[in-house]
Amino acid sequence: MNQRIVYTNADGRICVVIPAPDSGMTIEQIAGKDVPAGVPYRIADAADIPADRTFRNAWTHDEAGIKVDMAKARDIHRDRLRALRAPKLKALDADYMRALEAKDIPKQADIIGRKQALRDVTADPAIEEAKTPEELAAAISKILTVDP
Amino acid sequence: MTTLRRSIPDFALANPIYAGAHVSFYTVNPSTGEKTTTLATLYAGATGSTTVGNPYTLDGEGKFAAAVFSEVPLVATVQSLHVDTHDVGPIQMRGTHRGNWATGTSYFSSDTVRDNGTDKVYVVADDYVSGASVAADISASHLVLMVDPVFAPADSNRVAKAWFNFNCTGTPALRDSYNVSSITDGGTGIFTVNFTVALGSANYAVALSAGLTTDRLFADIGGGAAGMVAGLFSIVTSNHSGALVDPSVVTGVVFGN
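Same order as they appear, the protein sequences are chains A and B.
At position 32 of the first sequence the residue is numbered 32 (the working numbering), and the sequence of numbers has no breaks.
If you want the working numbering, it's the position in the second sequence, counting the first as 1, plus 1000.
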């Protein structure tokens, strides 16, 4: 069955019902049973559901199909950047302690600068400037993609 | 009562070392299980009076030219150009599985039959012609229970009420399932399994697993007990950091009333 049922649940999340291929039920029967009572729904071709789930929790839908809410997507993207920088900040904290014990002032200053750069990744202008989900997904500061 | 007569299973298949061998079929002493000096009567068919010569000369492939039948246990003495003279047997005519029990059928002691209604298997206690029902034959001591299957229909609570396997990377889809009408994708790492036929109550048991090529994941009931109702239940999948993630495979089985 290459059809899907799309509706918005009580929490405002977009839900996509994926029928079992061998249920023996029609898409309408499944909608009648598996969509919460009284909630409006739309039957769509499976091909019209985005395969890219990078910003799945920012999906919205209307008669034209599923779209990405860029404001929500930016929040999701920033959360991902925070998750990416967390281990790097942790490693720099350890490096800073060593530099402190060694009284290596230049090293301390370098680490302070790198930590600040990591804190600033969520304020990267490219995030706000992104007009499409693809541009937003690509808005990752180089400091997050290099080791360490 | 029909006389027990079965085809002799030995020498039914080609065996080159028995090519052209002379085989003498002797009756067996029922007390000792040893062969006697009496040649048995061999028959050309399952019924009828046409007999087959004894000793019997096997064909050029070392087998019977056609099926040979006997009504009694046998010991065969084989004389062949290729091997020393030796005995084969005893060859039993009893103790075969007769398939599903049927009324008005001749059964012989040591046969086994299956009750198609319960899947139970019985051993036949004596030579008899079956009656009107399995229950009647049990009552008359013709059948003795041998196997009582664990998964008898009456114990259906031991059978999974639903199972599924779906992916949620790229285009989510159910790979295969039983008693599942659909999966609801409610967001990253949030799913609902909808049963085709609801369970008898919300107090069922679910076993879940989830995986991703690049990570190990956890699969849990979303919302705890509140996430389970008779017609559906919720799943959340997360990584070690507790972040909800989409798995490449989610599987589950459901047992309940």
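Note that these hints are calculated values from the structure, not bench results.
Just to be clear, a hint being listed does not mean it is correct.
Sample of chain B residues at the chain A side, in silico, Cβ under 8 Å [unchecked claim]:
| id | residue |
| --- | --- |
| 1 | S1177 |
| 2 | S1182 |
| 3 | H1240 |
| 4 | A1243 |
Glycine is no exception: its CB is placed at the ideal position from the N, C-alpha and C atoms.
Enumerate the violated hints, using their earlier numbering and listing them in ascending order.
3
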